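Listed in order, the protein sequences are those of chains A and B.
Letter 730 of the first sequence, counting from 1, is numbered 730 in this note's numbering, and no numbers are missing.
Letter 51 of the second sequence, counting from 1, is numbered 51 in this note's numbering, and no numbers are missing.
Mixed in with the good hints there might be a few duds.
Using 20 Å as the maximum straight-line C-alpha spacing, the simulated PhoX-like pairs for lysine-lysine come out as follows [unchecked claim]:
no., chain 1, residue 1, chain 2, residue 2
1, B, 151, A, 611
2, B, 75, A, 626
3, B, 75, A, 608
Since the hints were derived computationally from the structure, they do not count as laboratory data.
Quick caveat: nothing in here was measured; it's all calculated off a predicted structure.
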Amino acid sequence: MANEDLQRELIRDLIIESVEGLDQYDQELLEFEKDENPERMNLIFRVIHTIKGTAGCLGLNKIEEVAHVGENLLTILRDGKLTINDPMISTLLELSDALKEMLDTLEKTDGEGDTDYSELLRKLDELQKEPAPKEEEELVLEEEIEIEETPAAQQISETVDEGEGAFGLFEEDESSSAQTPSAENQAAESENPIQEAESSSEESDPGFGLFDPAEEREEAPDPEVKQPAESKPKNTPLASTGPSVTESSIRVDVDHLDKMMNMVGELVLARNQIIVNSTNYDESALQKASQRLNLITTELQESVMKTRMQPIGNVWTKFPRIVRDVSSELGKNVRLIMEGKDTDLDRTIIEAIKDPLTHIIRNSIDHGIESPEQRKAVGKPEEGMLSLRAYHEGGQVIIEIMDDGAGIDIEKVKAKAIEKNLIPASRATELSEREAMNLIFAPGFSTAAKVSNVSGRGVGMDVVKTNIEKIGGSIDMQTQAGQGTTLNIKIPLTLAIIPALLVNSSSERYAIPQVSLLELLRLEGKQALKEIEDLYGSPVYRLRGKLLPIVYLDEQLRTKVESKDDASVNTEDIVLNIIVLQADGRPFGLVVDKIHDTEEIVVKPLGKQLKGISCFAGSTIMGDGKIALILDVLGLAKHSGIITDSDSRALVDDDKQSNDSNSQKESILLFDINGSQRMALPLSQAARLEEFDSESIENTGTQQVVQYRGQILPLLRISDHIHGNGSHSAPEDLDTIQVIVYTENEKSIGLVVDSISDIVDEELAISRKSSSQGIKGSAVIQGKVTDLLDAPAIIRSADPSFYEEALVC
Amino acid sequence: MKKRSFANLSPTFRMSTATQYCTFYLGDLFFGIDVLQVQEVILYQDMTCVPLSSPVVSGLINLRGETVTAIDLRKRLELPEQDRNEPQKNVIISADGGTISLQVDEIGDVIEPSEELLEGPPETLKGIARDLVTGVYKLENQLMLVLDTEKTVEIDASTIAY
Numbered sequence: 001m002a003n004e005d006l007q008r009e010l011i012r013d014l015i016i017e018s019v020e021g022l023d024q025y026d027q028e029l030l031e032f033e034k035d036e037n038p039e040r041m042n043l044i045f046r047v048i049h050t051i052k053g054t055a056g057c058l059g060l061n062k063i064e065e066v067a068h069v070g071e072n073l074l075t076i077l078r079d080g081k082l083t084i085n086d087p088m089i090s091t092l093l094e095l096s097d098a099l100k101e102m103l104d105t106l107e108k109t110d111g112e113g114d115t116d117y118s119e120l121l122r123k124l125d126e127l128q129k130e131p132a133p134k135e136e137e138e139l140v141l142e143e144e145i146e147i148e149e150t151p152a153a154q155q156i157s158e159t160v161d162e163g164e165g166a167f168g169l170f171e172e173d174e175s176s177s178a179q180t181p182s183a184e185n186q187a188a189e190s191e192n193p194i195q196e197a198e199s200s201s202e203e204s205d206p207g208f209g210l211f212d213p214a215e216e217r218e219e220a221p222d223p224e225v226k227q228p229a230e231s232k233p234k235n236t237p238l239a240s241t242g243p244s245v246t247e248s249s250i251r252v253d254v255d256h257l258d259k260m261m262n263m264v265g266e267l268v269l270a271r272n273q274i275i276v277n278s279t280n281y282d283e284s285a286l287q288k289a290s291q292r293l294n295l296i297t298t299e300l301q302e303s304v305m306k307t308r309m310q311p312i313g314n315v316w317t318k319f320p321r322i323v324r325d326v327s328s329e330l331g332k333n334v335r336l337i338m339e340g341k342d343t344d345l346d347r348t349i350i351e352a353i354k355d356p357l358t359h360i361i362r363n364s365i366d367h368g369i370e371s372p373e374q375r376k377a378v379g380k381p382e383e384g385m386l387s388l389r390a391y392h393e394g395g396q397v398i399i400e401i402m403d404d405g406a407g408i409d410i411e412k413v414k415a416k417a418i419e420k421n422l423i424p425a426s427r428a429t430e431l432s433e434r435e436a437m438n439l440i441f442a443p444g445f446s447t448a449a450k451v452s453n454v455s456g457r458g459v460g461m462d463v464v465k466t467n468i469e470k471i472g473g474s475i476d477m478q479t480q481a482g483q484g485t486t487l488n489i490k491i492p493l494t495l496a497i498i499p500a501l502l503v504n505s506s507s508e509r510y511a512i513p514q515v516s517l518l519e520l521l522r523l524e525g526k527q528a529l530k531e532i533e534d535l536y537g538s539p540v541y542r543l544r545g546k547l548l549p550i551v552y553l554d555e556q557l558r559t560k561v562e563s564k565d566d567a568s569v570n571t572e573d574i575v576l577n578i579i580v581l582q583a584d585g586r587p588f589g590l591v592v593d594k595i596h597d598t599e600e601i602v603v604k605p606l607g608k609q610l611k612g613i614s615c616f617a618g619s620t621i622m623g624d625g626k627i628a629l630i631l632d633v634l635g636l637a638k639h640s641g642i643i644t645d646s647d648s649r650a651l652v653d654d655d656k657q658s659n660d661s662n663s664q665k666e667s668i669l670l671f672d673i674n675g676s677q678r679m680a681l682p683l684s685q686a687a688r689l690e691e692f693d694s695e696s697i698e699n700t701g702t703q704q705v706v707q708y709r710g711q712i713l714p715l716l717r718i719s720d721h722i723h724g725n726g727s728h729s730a731p732e733d734l735d736t737i738q739v740i741v742y743t744e745n746e747k748s749i750g751l752v753v754d755s756i757s758d759i760v761d762e763e764l765a766i767s768r769k770s771s772s773q774g775i776k777g778s779a780v781i782q783g784k785v786t787d788l789l790d791a792p793a794i795i796r797s798a799d800p801s802f803y804e805e806a807l808v809c
Numbered sequence: 001m002k003k004r005s006f007a008n009l010s011p012t013f014r015m016s017t018a019t020q021y022c023t024f025y026l027g028d029l030f031f032g033i034d035v036l037q038v039q040e041v042i043l044y045q046d047m048t049c050v051p052l053s054s055p056v057v058s059g060l061i062n063l064r065g066e067t068v069t070a071i072d073l074r075k076r077l078e079l080p081e082q083d084r085n086e087p088q089k090n091v092i093i094s095a096d097g098g099t100i101s102l103q104v105d106e107i108g109d110v111i112e113p114s115e116e117l118l119e120g121p122p123e124t125l126k127g128i129a130r131d132l133v134t135g136v137y138k139l140e141n142q143l144m145l146v147l148d149t150e151k152t153v154e155i156d157a158s159t160i161a162y
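The following block holds chain A by itself, in its conformation from the complex (with noise of 0.2 Å):
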């Protein structure tokens, strides 16, 4: 192997490794801030001291310095010798990301960059001299060395020993700094790792890193033993443009990996027989083989795809690290709880969530849970709650954000949304609730009054809408002002593994995904036809006292074999295999033919072909080869009329609050005024609808009024009060008057209109505001522009006293 793939191998190892172990330094140490356990401290240790000596032995010698001296911190720390705050803590977070940084670039450019950390350094400095007294502090340093004899620890001695103390690894810090460019220059540009190493050794002691992997050896035993369950990644040129290199590789259990390695040991075994046979002829032998290769493979082919599958809690690791940091940053108090960290997702699937998922938690964090300040004063804990929780359901990974802070004021949205021109001032006040939430989806969008370091870019969530969009997934996002706000996004599996119950219908297979499963119920003979009752062609069963809507899977999936006739003679033998099912909480009886078993199938996406068919979520391979549709059952029951797509929406909301009135639709009364003016009432409005002669007609002053029901109705002509285009064409002299009933209060007024013309049942819409007096707007209807009667308002300006309280009864 050339001298330069070497070297580039090394490196990408150390990435590797070091990506990973900064991963778990972030978590220990958060975790250690509640509970100093020294054996944390140990692993907190020798992360970076791995990190420190590998860098050293690849001549990376600005990784190795910042690693350096926090290893001198923490190397106090471990020894007790200063007991941990919190602002070490945010240093040696910062460190962790100074290493993370370094190491991105290194993957990118080859080289170490030159981002100047000296005032991390200083800092890490500050935090080892401060309360620790001087001569403690050489002692540690002079026990570093009898201990580890590293040059690196010879450095820091000879330092101590020039006789400033701590104030001496400042300054060598300094110097070495600004060293580094050369020496990284020379790094990149060496081609031989053996002249490279000469190099870095002229600047440092000689005999550098020829000790330190052999003493990481001893002390950090973990990364070496787990190397060779890490898959190597393909060899990639280190500036590719491809995923980086931690993407690239991944861990896999060595459980996991021996059982495929006997897996692969048996198939060696299955094709040797078989080759055997090959010349040697013997049926049942054959046969016997080839069954058993087609159990190993069908083994070996799940097993390889399951170490795809990742627990959600990969990604997760990285969160409780941002929560602190952001809250932190904003003055907050956050307390993160997660749940359902083992919910298994495809690696391709939980990359790809990775970012949107910490947008979402930085925005919750930010825009969402208030200060300790406000929330004491709304009388809410200090600490706010953010809760991550995964699980699968229908089919479906569905990842919940929930906080509980001070929810989305949807006011505030419709503001911004005007003001950034995402929508027309005219058109904010029709929006629905819902309507209004997605606003925030839209891109530009960004309702932080301030743009914080934290959030509120102007990327957010329409980046993160389209992130999960991409891989397939949807985003739903619920809020109670003052409650919180949760976020629900569902992922397709597209290669997880679910359990699913097998059934059969018209002679195929498929699964259908366990979550959605209720119950299973078995009608045998007579009791079968007579137990399915027919409500107007809709099949109902009655379950404990409850309609369930039936639905035959094979008229669905029109695979239905029109019933030879002598199925209806032997109604004794008939047996109807009902699976209760949940689509979006409704329940609904499945009618199969057969039910097997349930399994764990590996979800397989369909082709382009057939993506647009709603009621198949994927296919699988059953352990004979065979292929089985997966049933949707949220598309299912669409397809069947269970639910559809706008009741659905009511069916989940009626429990909660049916505040989606405005887009819903309601019966509207269609009438004329002035000769042509179309005007409109909600049918609600209207009492009753009357016709009377013109001659009943009396007059009680100024006011017309006829008798109506024992009593006095007053008259009041609409078109006396809406002022039309002018053309007063009301045929005045006609025998009868159309009158519309409005009743409120126990009291009435006859609307006189020209005439009535229809009632339509139509959302209401109003896209057009009105200026004129007694009309609310207009709206589309029936496709004619029709403006809306503001009874209450006409009625009030012509007689005020029909609001006032009845004084005589």
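Dock chain B against chain A, hints included.
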């Protein structure tokens, strides 16, 4: 699968590199697909029907653990059904939307006809063939129709029979 790019080759060189075609029969018609788009050719496989799918889709086959959508090329090209005793064969192609199997009657050889024999489809070509056939090779014994695989596997979801 990488597509061959001739764009940066000199015209003379391009002339000399005639395309290789994987050929097959549908009844008496002789078709060819650029061999580089063909992943493999396999015999009849057990198939799982997909209810509600386009009638052109004959089902799903298991190709070493990968589910592959099989398209009945006869139906796709709107050719009449034919009673055949022999099971159909699968030409597996790698298309943009994944791996697809085209079901054909009989597999032919891989041939490399001279570019000079290529001609555009005749104006009189009717029906779906007009969209899917990009050219015709005038071979000695018969004509070979060049099939546009991308278009062939493009099946609109709306063709689903409801």
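Legend entry - Violating hint indices (sorted, rising): 2
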